[in-house]
Amino acid sequence: MRTFFRLDRLKNISISKKLYFIVGTMAILIMVELFTLWFAIHILSSVRAFVGAEGLWSKAQKDASYYLQKYSHTHNEEDYKSYQRFMAVPAGDHKTRLELEKPEPNMEIARQGFIEGKIHPSDIDGMIKLFRRFSDVYYINKAIQCWIQGDSVIAKLTIIGEKLHTEINSKNYSLEKIEKIAEEIDPINHQLTIIEDNFSYTLGEGSRWLENLILKLLFSVALSVEVTGLLLSISVSKGITKGLNEINRATRRISEGDLTERAEIFLTDEIGQVAVAVNKMTEDLIESKKHAEEMYRLKSSFLANMSHELRTPLVGILGFSELLTTTQNLEKVREFSGFINFSGKRLMETLNLILDISRIEAGETKLIFEQIDIVSKINETINLFSISAANKNLKLTFEPDVNELTIVSDAKAIDSILNNLINNAIKFTSDGDVKIKLSKIDDENSKWIVIDVIDTGIGIIEKDLDMIFHEFRQASEGLSRSFDGTGLGLSVTKKYVNLLGGSISVSSALGKGSNFTVKLPIETKHHID
Amino acid sequence: MNLKAKQKIVLLVEDDFITVKLIENLFIGLCNLDSVGSASEAIEKTKSKQYDAIIMDINLGKSENGMYATKNIRKLDNYKTTPIVALTAYTMMGDKEEFIKGGCSHYMSKPIEIKEFVALMKQILGL
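First to last, the protein sequences are chains A and B.
Heads up: the first sequence begins at 1 in the numbering used here, then just goes up one per residue.
Heads up: the second sequence begins at 1 in the numbering used here, then just goes up one per residue.
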């Protein structure tokens, strides 16, 4: 599980980090290889030093034996001294061995012993290390056993030397006795030769074993460096190729027009991120294509409906004017003229709204800011509608919270907003009343006026509430209206409210009447889109 | 003229009252006229009464439009072949075909060409 987790993490890192990882791994493995080599050379060199030291040891022992033999014949003290000088070599080595066998050896004494053993100072450290660290290794251990054995035999030779020296220097020495003591030298010499050979063979065998081992070790480390590098490179390049191929494939399919195609995301590295971006771009493309298609549909639907809305009042104008040409009855003439006039007004109203909308849409509306007495303004508008309200028996009232309030705004926009809202309220209400409220609110940053237009009319179905301000939708989707009208009024109103930096909202339910709320800044300082 | 011949009766489905007034004036002395302002009323009327022809406005201001009414009326056994005239201000390309396909037998655009319309109605009613 843990290994899987690590591999997984390795897969999802960035490409540059992967490359660093490969190079880093290779470098570490090469370091391991170099260290192994260095270590191996050191060990082999120390083994070589031990073999050399054995040579010196043996030569000294042989020379010591020779001078002791010679001394037994010549009785010359110089020969005895030569014997003693040569014996110092194995004795020095012996001293070192005893010291090194202690748990905490004194390195000075150990080094001194080897120097007395005539070993070159540069070899001493390596030999000490080999002795201390590898004494458990079979070959080293066996060689040390030989050494111990050799030392015990050397001790016998020392005793013979001392006996011989004592005998020769005694006042009444006997040649026969000297001869007898000297005869012991040769067997000891033979015994030592066997031990010395054993020591050399053992170390030779050990070093061959070690060479073999090191060779194998170096080979496997080198092999693992190559294999690891190769595997890592292959896996990383495979990942890169796989990711790029997938992106290639997906983008080709997408460019051929298949927008349902997506690039599969294998990893979260740079290539994975490119794949994510490609997919995101495709989603965006679908989104904007949908939007463009929807806008196209709405615009042509809008056009069809505008044509419909302009043709409908023409039915009355053209139809009744044609009938007029043959009508003599004055009462009929008056009735027909009234229908023509009504239809003409409706046509005019529709045209004005269309012009308003297109002007605002084209950004051609220049707002002119001036001081407006909003209370008077609303009163004037209500007066304009008093007749049509009275005709439907509707009570039209205005309830301002303030007696006088001056705002800085565009008079034409304010007119349009009030006209459209009050006109709609009267149009969609068959009995009850239409109430207009005016209040003032201050929030942290600015001051606002709030105009409510409340009717008791047919209301609006909840699902239609969010689309009534959209000119294309409203005119195209056939809202639940049972009265004539294009419904353009509300979108013009919303556009003007937005231009003035305000907001418009509605709360309504079918059959429960509607409440339109317009919030406008008391002072619109500049054009706000 | 056969005086015993039964007066023909036409159903007008139209929400625009000016259009209703115009057609009422056009049909004086021609035939009887019932008029309703919504699809549901039209369906109700046809269930209880046999009309000789129906004049159908398409945009009735509600989601239940003239096409909805036409489809439902056509389901009635006694209205399979009754002439239904689509009388509409929808005049864009493809509109006429859509209404004919949806069950109307004739199409007349708004604003109404009076002579043409009256001639069509006379032809349909066999007058």
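Note that these hints are calculated values from the structure, not bench results.
Note that CB positions come from ideal geometry on N, CA and C, so glycine has one too.
Don't take each hint at face value.
[Unchecked claim] Residues from chain B shown here face chain A by an in silico Cβ test under 10 Å; the list is partial:
| no. | residue |
| --- | --- |
| 1 | Leu26 |
| 2 | Leu30 |
| 3 | Asn32 |
| 4 | Asp34 |
| 5 | Val36 |
| 6 | Asp95 |
| 7 | Ile114 |
Check: Of the numbered hints stated previously, which ones are contradicted by the structure, given in increasing order?
Finding: 2, 3, 4, 5
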